[in-house]
Amino acid sequence: AQKITQTQPGMFVQEKEAVTLDCTYDTSDQSYGLFWYKQPSSGEMIFLIYQGSYDEQNATEGRYSLNFQKARKSANLVISASQLGDSAMYFCAMREGSGTASKLTFGTGTRLQVTL
Amino acid sequence: DVKVTQSSRYLVKRTGEKVFLECVQDMDHENMFWYRQDPGLGLRLIYFSYDVKMKEKGDIPEGYSVSREKKERFSLILESASTNQTSMYLCASSLAGEIVNTEAFFGQGTRLTVV
Numbered sequence: 001a002q003k004i005t006q007t008q009p010g011m012f013v014q015e016k017e018a019v020t021l022d023c024t025y026d027t028s029d030q031s032y033g034l035f036w037y038k039q040p041s042s043g044e045m046i047f048l049i050y051q052g053s054y055d056e057q058n059a060t061e062g063r064y065s066l067n068f069q070k071a072r073k074s075a076n077l078v079i080s081a082s083q084l085g086d087s088a089m090y091f092c093a094m095r096e097g098s099g100t101a102s103k104l105t106f107g108t109g110t111r112l113q114v115t116l
Numbered sequence: 001d002v003k004v005t006q007s008s009r010y011l012v013k014r015t016g017e018k019v020f021l022e023c024v025q026d027m028d029h030e031n032m033f034w035y036r037q038d039p040g041l042g043l044r045l046i047y048f049s050y051d052v053k054m055k056e057k058g059d060i061p062e063g064y065s066v067s068r069e070k071k072e073r074f075s076l077i078l079e080s081a082s083t084n085q086t087s088m089y090l091c092a093s094s095l096a097g098e099i100v101n102t103e104a105f106f107g108q109g110t111r112l113t114v115v
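Residue numbers (our numbering), protein chains in the order written: chain A, 1 to 116; chain B, 1 to 115.
Derived from the structure by calculation, the hints contain no laboratory data.
What you are looking at is a predicted structure, and each value in this text was computed from that prediction instead of being measured.
Do not rely on the hints blindly, as some may be mistaken.
[Stated by the list, open to error] Computed list of chain A residues with no C-beta within reach of chain B, every gap over 10 Å:
#  : residue
1  : Thr7
2  : Lys16
3  : Glu17
4  : Ala18
5  : Ser28
6  : Glu56
7  : Gln57
8  : Thr60
9  : Ala71
10 : Lys73
11 : Gln83
12 : Asp86
13 : Ser87
14 : Gln113
15 : Leu116
[As the list claims (entries may be wrong)] If the Cβ cut is set under 10 Å, some of the chain A residues that face chain B in the computed set are:
#  : residue
16 : Pro9
17 : Ser42
18 : Tyr50
19 : Leu104
Think of the CB as a built atom: it goes at the ideal place given N, C-alpha and C, for glycine as much as any other residue.
Just chain B, same shape as in the assembly (with noise of 0.2 Å):
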């Protein structure tokens, strides 16, 4: 059965702190993703990567940065966190190459709450 695991489920942190969600697939995907989904925004790409060491920005990359050190785990990273990052983080995981029917698997959500 295919995994996509997020390190937590709910986080709470204060405002200026540095903060960490990982994400692990164990299916051997090339392309790693990170969203966050608003209410009435649906899901905003943040990052994605389509390698070890490769990354490119979303729609929505300021505030976050992120890691792919190696290719099962991604980490999205909030230098700062602040008020307006509170929000639900969805990992993904998928295919690549010259194929583009394959679908993503996402990880449960972190449901982040920055006070």
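Chain A with its partners taken away, still in its complex shape (with noise of 0.2 Å):
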């Protein structure tokens, strides 16, 4: 079964618009992180926000917000006044447990495009 789901492959935004890409996870751990990518065509990988399973409030880090409903096992990432550098591929990633043997999980990502 996938531990991380996303399900829009690709999705369209207007810049200065804000948009919402999705992201569910599968787990039974307690505690556990959830982490958003940005990779540009470049190829780097750019780590852009965290959110701890035991945090009560949404991560924010300028821009960008993680919307966290831990019931519904949902992490989605919110892109506020989108810009035309925001486009790339963004992946979410959960890390399960903690201790040394904490493995970390990629969703197939969502190749977000910013129109003018």
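Got two chains here, separate frames each, mind docking them using the hints?
Written out as structure tokens, the structure is:
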């Protein structure tokens, strides 16, 4: 079974509009972390934002916010005031458990295209 | 500035060759990961290591092995390369321990073509 599901292969958004990228996850651990990464066409992976399973408030980092709904096991990324430079692949990832052997699992990604 | 370095950006190998992909990090991280990235499939975990000489299989370990003799270096080995291993390979590292909130840092990727 997929641990991380991103159901939107591609999304379009107009410049200056907000966009939500969906992510649902599956885990039986009580302690886990959720991450979003951006991969521009140059290929590097850029960390955007993190949400811990015990965090009561939604995480925010500048124009990025994470809409965390624990009961629904969803961790959607919201980008406000989209810019042309936001065009990229976006990956949701989860780290389960704690201790030494906690692996990091990624979803299939969403390609975001920002238009004029 | 933190750094994860992969030895090659592009690599072309012949079917049946033994291939080594090297990854070095300078952050004293315990965890290191190898992923392959294919269109429509995202990043799939091949192997990860949480300490020197310690490794765990990821989701797609078949056809691959790994080596971690030193903390800073994690090698991915294709024992006998096949055309279906043509892909982008990404190495990452992160802290471990009682910490789930540490991000992973990625290398620049190695695009491997097996002909």
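Results of checking the hints against the structure:
1. Thr7: Holds, since 12 Å exceeds 10 Å.
2. Lys16: holds, 28 Å
3. Glu17: Consistent with the label, A:Glu17 stays out of reach of chain B, its closest Cβ about 25 Å off (over 10 Å).
4. Ala18: holds, 24 Å
5. Ser28: The assertion about A:Ser28 holds, with a minimum of 15 Å to chain B.
6. Glu56: holds, 14 Å
7. Gln57: holds, 14 Å
8. Thr60: Nearest chain B Cβ is 15 Å from A:Thr60, so the label holds.
9. Ala71: For A:Ala71, whose nearest Cβ neighbour in chain B is about 20 Å away, the distance exceeds 10 Å, so it holds.
10. Lys73: holds, 16 Å
11. Gln83: Non-interface label stands for A:Gln83: nearest chain B Cβ at 22 Å, farther than 10 Å.
12. Asp86: holds, 19 Å
13. Ser87: Holds, because the least Cβ-Cβ distance between A:Ser87 and chain B comes to about 17 Å, which exceeds 10 Å.
14. Gln113: Nearest chain B Cβ is 16 Å from A:Gln113, so the label holds.
15. Leu116: holds, 26 Å
16. Pro9: With Cβ-Cβ at 7 Å, under 10 Å, it holds.
17. Ser42: holds, 9 Å
18. Tyr50: holds, 6 Å
19. Leu104: Cβ of A:Leu104 sits 5 Å from chain B, so the hint holds.
This entry satisfies every hint, going by the numbered hints stated previously.
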